[in-house]
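Those sequence lines, one after another, are chains A and B. One point on numbering: in the numbering used here, the residue at position 109 of the first sequence is 109, and numbering is uninterrupted. One point on numbering: in the numbering used here, the residue at position 90 of the second sequence is 90, and numbering is uninterrupted.
Warning: the hint list may mix true and false statements.
[What the hints assert, rightly or not] Simulated pairs of lysine to aspartate or glutamate, DMTMM-like, Cα-Cα distance not exceeding 25 angstroms: (1) Lys-45(B) to Glu-79(A); (2) Lys-14(A) to Asp-26(A); (3) Lys-99(B) to Asp-77(B); (4) Lys-2(B) to Asp-38(A); (5) Lys-44(A) to Glu-15(B); (6) Lys-44(A) to Asp-73(A); (7) Lys-44(A) to Asp-77(B); (8) Lys-45(B) to Asp-38(A); (9) Lys-2(B) to Glu-99(A); (10) Lys-44(A) to Glu-3(B); (11) Lys-9(A) to Glu-79(A); (12) Lys-45(B) to Glu-3(B); (13) Lys-57(A) to Asp-26(A); (14) Lys-42(B) to Glu-99(A); (15) Lys-2(B) to Asp-26(A); (16) Lys-57(A) to Glu-3(B); (17) Lys-109(B) to Asp-77(B); (18) Lys-99(B) to Asp-7(B); (19) Lys-99(B) to Glu-99(A); (20) Lys-42(B) to Glu-72(A); (21) Lys-2(B) to Asp-57(B); (22) Lys-44(A) to Asp-26(A); (23) Lys-99(B) to Glu-72(A); (24) Lys-44(A) to Asp-7(B); (25) Lys-42(B) to Glu-59(A); (26) Lys-57(A) to Glu-79(A).
[To be verified] Distance windows between CB atoms, simulated: (27) Cys-40(B) to Ile-12(A): 40 to 48 angstroms; (28) Lys-14(A) to Gly-16(B): 47 to 55 angstroms; (29) Val-50(A) to Asp-57(B): 26 to 34 angstroms; (30) Ser-67(A) to Glu-5(B): 29 to 37 angstroms; (31) Ser-68(B) to Asp-38(A): 23 to 31 angstroms; (32) Val-50(A) to Lys-45(B): 21 to 29 angstroms; (33) Glu-15(B) to Gly-51(A): 29 to 37 angstroms; (34) Asn-22(B) to Gly-3(A): 24 to 32 angstroms; (35) Asp-7(B) to Asp-38(A): 16 to 24 angstroms; (36) Ala-20(B) to Ile-15(A): 41 to 49 angstroms; (37) Pro-8(A) to Lys-45(B): 39 to 47 angstroms.
[As the list claims (entries may be wrong)] Which bits of chain A does chain B cover? Going by a derived footprint, with three or more residues having C-beta under 8 angstroms, they are: (38) 64-70; (39) 91-103.
Hint data in this document are derived by calculation from the structure and do not stem from the laboratory. Backbone N, C-alpha and C fix where the C-beta goes; we use that ideal spot for every residue, glycine too.
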Amino acid sequence: NAGVTQTPKFRILKIGQSMTLQCAQDMNHNYMYWYRQDPGMGLKLIYYSVGAGITDKGEVPNGYNVSRSTTEDFPLRLELAAPSQTSVYFCASSGAYQETQYFGPGTRLLVL
Amino acid sequence: RKEVEQDPGPFNVPEGATVAFNCTYSNSASQSFFWYRQDCRKEPKLLMSVYSSGNEDGRFTAQLNRASQYISLLIRDSKLSDSATYLCVVTVYPSGTYKYIFGTGTRLKVLA
């Protein structure tokens with residue numbers, strides 16, 4: 001099992017550019033999450049999904065969009081990148097709420 | 001008051017020492033509790049769940065005190081490889097949706 005995979009590992013964007021962060025899991029988990037982690041801060045939830053076709057906003061959704069067309073994939077879209085979106089992005093999945101979350105290796109994003 | 005608070009440390013301890021961290025949470029209706037470990041520039045990984053009666057996994061012991069609203073992590077016989085940041089995670093259930101609240105972490109350095 002690969003668990004949760006994320007691509008790319010690292011990316012530099014110019015202000016105003018767009019990109020999609022990919023996330024996939026092979027554990028047949030219904031629940032998937034996107035977090036961002038800024039230096040010295042806790043993880044902040046951007047968006048989450050409770051199953052294919054169902055997504056909802058977390059604490060810090062502005063500037064991001066998600067889709068969940070399959071159980072396995074949960075891409076995060078950044079439109080019009082801004083320096084404030086410089087962060088490490090983690091995707092996670094769990095079998096159900098309140099169960100252990102399994103994290104991907106993260107994507108480091110730098111917006112200049 | 002933050003929903004989940006942790007002493008950021010760092011806790012510098014010699015090999016073989018016993019060290020304990022606490023984590024306080026503000027919502028008395030919090031449901032589930034976890035300790036995650038995060039190595040530098042890596043994803044968080046589950047260390048252990050925390051059960052009401054307390055639980056132990058090898059050198060690690062976790063306790064929950066609902067009355068005082070804190071959880072603790074005790075590490076015995078510290079190893080160099082225990083050096084990491086330990087994240088406290090609490091789940092809450094506001095407005096019909098479960099949320100995972102992450103603390104900002106306690107940094108542990110085990111010294112040779």
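Hint check:
no., hint, in the structure
1, Lys-45(B) to Glu-79(A), "30 angstroms, violated"
2, Lys-14(A) to Asp-26(A), "32 angstroms, violated"
3, Lys-99(B) to Asp-77(B), "34 angstroms, violated"
4, Lys-2(B) to Asp-38(A), "17 angstroms, holds"
5, Lys-44(A) to Glu-15(B), "33 angstroms, violated"
6, Lys-44(A) to Asp-73(A), "20 angstroms, holds"
7, Lys-44(A) to Asp-77(B), "33 angstroms, violated"
8, Lys-45(B) to Asp-38(A), "18 angstroms, holds"
9, Lys-2(B) to Glu-99(A), "23 angstroms, holds"
10, Lys-44(A) to Glu-3(B), "13 angstroms, holds"
11, Lys-9(A) to Glu-79(A), "19 angstroms, holds"
12, Lys-45(B) to Glu-3(B), "21 angstroms, holds"
13, Lys-57(A) to Asp-26(A), "23 angstroms, holds"
14, Lys-42(B) to Glu-99(A), "21 angstroms, holds"
15, Lys-2(B) to Asp-26(A), "34 angstroms, violated"
16, Lys-57(A) to Glu-3(B), "19 angstroms, holds"
17, Lys-109(B) to Asp-77(B), "13 angstroms, holds"
18, Lys-99(B) to Asp-7(B), "22 angstroms, holds"
19, Lys-99(B) to Glu-99(A), "11 angstroms, holds"
20, Lys-42(B) to Glu-72(A), "22 angstroms, holds"
21, Lys-2(B) to Asp-57(B), "29 angstroms, violated"
22, Lys-44(A) to Asp-26(A), "24 angstroms, holds"
23, Lys-99(B) to Glu-72(A), "21 angstroms, holds"
24, Lys-44(A) to Asp-7(B), "18 angstroms, holds"
25, Lys-42(B) to Glu-59(A), "22 angstroms, holds"
26, Lys-57(A) to Glu-79(A), "16 angstroms, holds"
27, Cys-40(B) to Ile-12(A): 40 to 48 angstroms, "21 angstroms, violated"
28, Lys-14(A) to Gly-16(B): 47 to 55 angstroms, "50 angstroms, holds"
29, Val-50(A) to Asp-57(B): 26 to 34 angstroms, "30 angstroms, holds"
30, Ser-67(A) to Glu-5(B): 29 to 37 angstroms, "35 angstroms, holds"
31, Ser-68(B) to Asp-38(A): 23 to 31 angstroms, "30 angstroms, holds"
32, Val-50(A) to Lys-45(B): 21 to 29 angstroms, "23 angstroms, holds"
33, Glu-15(B) to Gly-51(A): 29 to 37 angstroms, "46 angstroms, violated"
34, Asn-22(B) to Gly-3(A): 24 to 32 angstroms, "30 angstroms, holds"
35, Asp-7(B) to Asp-38(A): 16 to 24 angstroms, "19 angstroms, holds"
36, Ala-20(B) to Ile-15(A): 41 to 49 angstroms, "45 angstroms, holds"
37, Pro-8(A) to Lys-45(B): 39 to 47 angstroms, "21 angstroms, violated"
38, 64-70, "violated (count 0)"
39, 91-103, "holds (count 6)"
Hint compliance for this structure: hints 1, 2, 3, 5, 7, 15, 21, 27, 33, 37, 38 are not met, and every other hint is.
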